[in-house]
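S.K.: Dock chain B against chain D, hints included.
What follows is each chain in one-letter form.
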Amino acid sequence: MKDIFLLAYRDIKERKARTSLTLMGIAVGIAAVIALMSVGYGFEQSVTGELVEMADLIFVMPGKANFGNYMELGSFNERDLKDVERIGGVKEAAAMISGMEEVEYRGEKTVMRVIGIDTRDISAIFGEVVKTGDGRDLRDNDHKACLIGHSIANDYFDEEIGVNDRINIGGSKFRVVGVLEKQGGFRSDVDSSIYITERDAKSILGNDEIAQITVRVRDIGEAELIAEEIEERIDENHKLDDFTSAMTMGSAITQLKTIFTLLQAVLVAIASISLIVASIGIMNTMLMSVMERTHEIGIMKAIGAKNRNVLSLFLLESGMVSVAGGVCGCVLGIIGANVISIGIGAAFGEAIPAILRPEVLLGGIVVAVIVGVMSGLYPARKASKMSPVEAVRYE
Amino acid sequence: MIRTEHLSKVYRMGEIEVPALRDVSLEIEEGEFLAIVGPSGSGKSTLLNMLGCLDKPTSGAVFIGGVNTALLSENELAEIRREKIGFIFQQFNLIHSLTALENVALPMFFAGVKSDARIKRAAELLAKVGLRERMHHKPSELSGGQQQRVAIARALSNNPAVIIGDEPTGNVDSETGDAIMGILEGLNRNEGRTIIVVTHDTEIAAHAPRVIRMKDGRLLEE
Numbered sequence: 389m390k391d392i393f394l395l396a397y398r399d400i401k402e403r404k405a406r407t408s409l410t411l412m413g414i415a416v417g418i419a420a421v422i423a424l425m426s427v428g429y430g431f432e433q434s435v436t437g438e439l440v441e442m443a444d445l446i447f448v449m450p451g452k453a454n455f456g457n458y459m460e461l462g463s464f465n466e467r468d469l470k471d472v473e474r475i476g477g478v479k480e481a482a483a484m485i486s487g488m489e490e491v492e493y494r495g496e497k498t499v500m501r502v503i504g505i506d507t508r509d510i511s512a513i514f515g516e517v518v519k520t521g522d523g524r525d526l527r528d529n530d531h532k533a534c535l536i537g538h539s540i541a542n543d544y545f546d547e548e549i550g551v552n553d554r555i556n557i558g559g560s561k562f563r564v565v566g567v568l569e570k571q572g573g574f575r576s577d578v579d580s581s582i583y584i585t586e587r588d589a590k591s592i593l594g595n596d597e598i599a600q601i602t603v604r605v606r607d608i609g610e611a612e613l614i615a616e617e618i619e620e621r622i623d624e625n626h627k628l629d630d631f632t633s634a635m636t637m638g639s640a641i642t643q644l645k646t647i648f649t650l651l652q653a654v655l656v657a658i659a660s661i662s663l664i665v666a667s668i669g670i671m672n673t674m675l676m677s678v679m680e681r682t683h684e685i686g687i688m689k690a691i692g693a694k695n696r697n698v699l700s701l702f703l704l705e706s707g708m709v710s711v712a713g714g715v716c717g718c719v720l721g722i723i724g725a726n727v728i729s730i731g732i733g734a735a736f737g738e739a740i741p742a743i744l745r746p747e748v749l750l751g752g753i754v755v756a757v758i759v760g761v762m763s764g765l766y767p768a769r770k771a772s773k774m775s776p777v778e779a780v781r782y783e
Numbered sequence: 050m051i052r053t054e055h056l057s058k059v060y061r062m063g064e065i066e067v068p069a070l071r072d073v074s075l076e077i078e079e080g081e082f083l084a085i086v087g088p089s090g091s092g093k094s095t096l097l098n099m100l101g102c103l104d105k106p107t108s109g110a111v112f113i114g115g116v117n118t119a120l121l122s123e124n125e126l127a128e129i130r131r132e133k134i135g136f137i138f139q140q141f142n143l144i145h146s147l148t149a150l151e152n153v154a155l156p157m158f159f160a161g162v163k164s165d166a167r168i169k170r171a172a173e174l175l176a177k178v179g180l181r182e183r184m185h186h187k188p189s190e191l192s193g194g195q196q197q198r199v200a201i202a203r204a205l206s207n208n209p210a211v212i213i214g215d216e217p218t219g220n221v222d223s224e225t226g227d228a229i230m231g232i233l234e235g236l237n238r239n240e241g242r243t244i245i246v247v248t249h250d251t252e253i254a255a256h257a258p259r260v261i262r263m264k265d266g267r268l269l270e271e
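Taken in order, these protein sequences are the chains called D and B. Take the first sequence: its letters are residues 389 to 783, numbered as in the numbering used here. Take the second sequence: its letters are residues 50 to 271, numbered as in the numbering used here.
Same shape as in the complex, but just chain D:
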């Protein structure tokens, strides 16, 4: 066994330039697949990772909500909130009264989303994710005080807004008691919202319609069931079908994963083209090698080589080239994934980690071997089937 390896190795060595070009072909194909998959996983993790932290939250909204489209159908009322709170497994439920209001700061005016919250519900609304950066949380006895998102503090107005600055909301002066930490991503809505007490909201916005209920569940495993129950209860209250959308982060994660799986599949399909090209390259190289060595194959058969001996020699040759290609491809793929990751970080400011899964690397080598053996099969069979007398005569 060892000897046939040596024999195949020597034949490969005889044709260094051609072999290394073939090998590069496979390596680039494998590297492309590995790099794209690793960056894809990194992208997926950076997006869904954030959602996982919010997995105990259910967002309840009137209307049909889906990623990309949202159709508002109305609003909830106090009775809906009470019913939701009464559902088993619900830890807390927080109502948000919200509306667009004119906000003024140092002579600059803009329209902003203003959200009224029950201060006792802050943990339900913000979960474990949103934290107050500067200043403090809103308190129940606060009057005309507000908590502002990171973008409002830093981006919306020419001058930055800090703790204890005063802003004008809907004609009333409010004191900023705290600035929230930057959220970005899925909770970027928080960055551009202003939070005030429920009491203040009712007077400023002039209504007490609930725009959203945020629910925290005790057990994440029950989130889906609870969400369904919430939808049923509220729909019943309003005598409407599909009036309520209760979205768990779990379902959002599932939806996103589906999108990412599709994305990965497309990326891998694109990268696979280079693998197909590489396998044609191997086949070409091996066919040339078989042609060139027709005479040699004839000699081997004349001195007693069986078809099987010739077949395994050529298969081994293409196998060895492709294993080497696969290994080089893994190395190139790791480098490539990191380069893309760093490149995205530099270009978009959002770091996407390159996640190198061992099964992807291993898969890369396995695919390389399969590609090598498959594309080596035809030339090897061709070689093994040659008539010895004709092959010996071939010059």
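If you are wondering where the hints come from, they were derived from the structure by calculation, not from laboratory data. No residue lacks a Cβ here, since even glycine has one placed at the ideal position from N, Cα and C. Hints are supplied without guarantee of correctness; some may be wrong.
Only pairs whose alpha carbons sit at most 27 Å apart, straight line, appear in this in silico BS3-like list of lysine-lysine [stated by the list, open to error]:
1) K105/B to K773/D
2) K401/D to K773/D
3) K264/B to K105/B
4) K187/B to K169/B
5) K561/D to K532/D
6) K187/B to K163/B
7) K497/D to K479/D
8) K169/B to K404/D
9) K169/B to K770/D
10) K401/D to K264/B
11) K532/D to K590/D
12) K404/D to K770/D
13) K497/D to K590/D
14) K570/D to K497/D
15) K570/D to K645/D
16) K187/B to K401/D
17) K169/B to K401/D
18) K561/D to K497/D
Here are a few chain D residues that face chain B, going by a calculated C-beta distance under 7 Å [what the hints assert, rightly or not]:
19) D391
20) E402
21) N697
22) V711
M.R.: Relative to chain D, chain B alone:
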């Protein structure tokens, strides 16, 4: 040892059929030294390929040690070529990427002989044909005569009963040719191997006790 019965071979060149062998019946005894002579195109190489199981007849049969080779599979034919027959070619037909030693060891490799045993026997055989000093040279570093001696050593590697030479002296000068015939004579006389040589050179054929002539694919006379 080797017997042919009404052996014919017809080559097809497009539409035209070219008969290369016509009804050749021949019997070769064990330990014989036979030369087949004839002009080029007389069918002598075709006959030799049949005797060596390199090619199959169109009709008729070749018996080797009583076995009808027409009934054998490709693998079984390969086994006969490996174990029972040693080939020597006009063009030497060594494998260029391998050293003399590795070339001689190659048939043993196909026979599944262990590496150590292979190398040992290959070295002994090369010493026997006078190439002890050149074992690790590649064919391109050897003269024609030396290459043919490597080929003889290779033909002997699986210890076959029959050595078949297709113009074994055709590519070397007459002095070297005589030396090569000398080696073959030695193998016949001292080791009792059956030697069958094809040549168009009557001087070379004179080394053989039995000479048969061919013309137009037929045996002429003994």
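S.K.: Now look at each hint and say whether the structure bears it out.
M.R.: Results of checking the hints against the structure:
With a CA separation close to 15 Å, the supplied pair K105/B and K773/D stays within the 27 Å bound. For the hint linking K401/D to K773/D, the alpha-carbon distance of about 25 Å falls within 27 Å, and the restraint holds. The straight-line distance between the Cα atoms of K264/B and K105/B is roughly 20 Å, inside the 27 Å bound, and the hint therefore holds. Simply put, K187/B and K169/B have alpha-carbon atoms about 18 Å apart, close enough for the 27 Å limit, and the pair holds.
For the hint linking K561/D to K532/D, the alpha-carbon distance of about 7 Å falls within 27 Å, and the restraint holds. Simply put, K187/B and K163/B have alpha-carbon atoms about 22 Å apart, close enough for the 27 Å limit, and the pair holds. Only pairs whose Cα atoms come within 27 Å are accepted, and K497/D paired with K479/D is rejected, the gap being roughly 39 Å. Taken as a hint, the K169/B and K404/D pair is broken in the structure, with Cα atoms around 31 Å apart against an allowance of 27 Å.
Between K169/B and K770/D the alpha-carbon distance is near 34 Å, which puts this suggested pair outside the 27 Å criterion. For the hint linking K401/D to K264/B, the alpha-carbon distance of about 47 Å lies beyond 27 Å, and the restraint is violated. Taking the CA atoms of K532/D and K590/D, the gap is about 12 Å. The hint holds against a cut of 27 Å. Note on K404/D and K770/D: the hinted pairing holds, with a Cα-Cα distance of about 23 Å set against a maximum of 27 Å.
For the suggested pair K497/D and K590/D, the alpha carbons sit about 22 Å apart, so the restraint of at most 27 Å is met. Restraint check: the Cα-Cα separation between K570/D and K497/D comes to about 22 Å, which is no more than 27 Å; the hinted pair holds. With a C-alpha separation of about 25 Å, the suggested pair K570/D and K645/D falls inside the 27 Å cut-off, and the hint holds. Simply put, K187/B and K401/D have alpha-carbon atoms about 15 Å apart, close enough for the 27 Å limit, and the pair holds.
For the proposed pair K169/B and K401/D, the alpha carbon gap of about 26 Å is at most 27 Å, so the pair holds. Only pairs whose Cα atoms come within 27 Å are accepted, and K561/D paired with K497/D is accepted, the gap being roughly 13 Å. Contact between D391/D and chain B, as hinted, is supported at the beta carbon level, the nearest pair being about 6 Å apart and thus within 7 Å. With a least beta-carbon distance of about 5 Å to chain B, the hint placing E402/D at the interface is held under the 7 Å criterion.
At its closest, the beta carbon of N697/D sits 5 Å from a beta carbon of chain B; the interface hint therefore holds under the 7 Å criterion. Restraint check, V711/D versus chain B: the minimum CB separation of about 21 Å is more than 7 Å; hint violated.
Checked against the numbered hints above, the structure violates hints 7, 8, 9, 10, 22; every other hint is satisfied.
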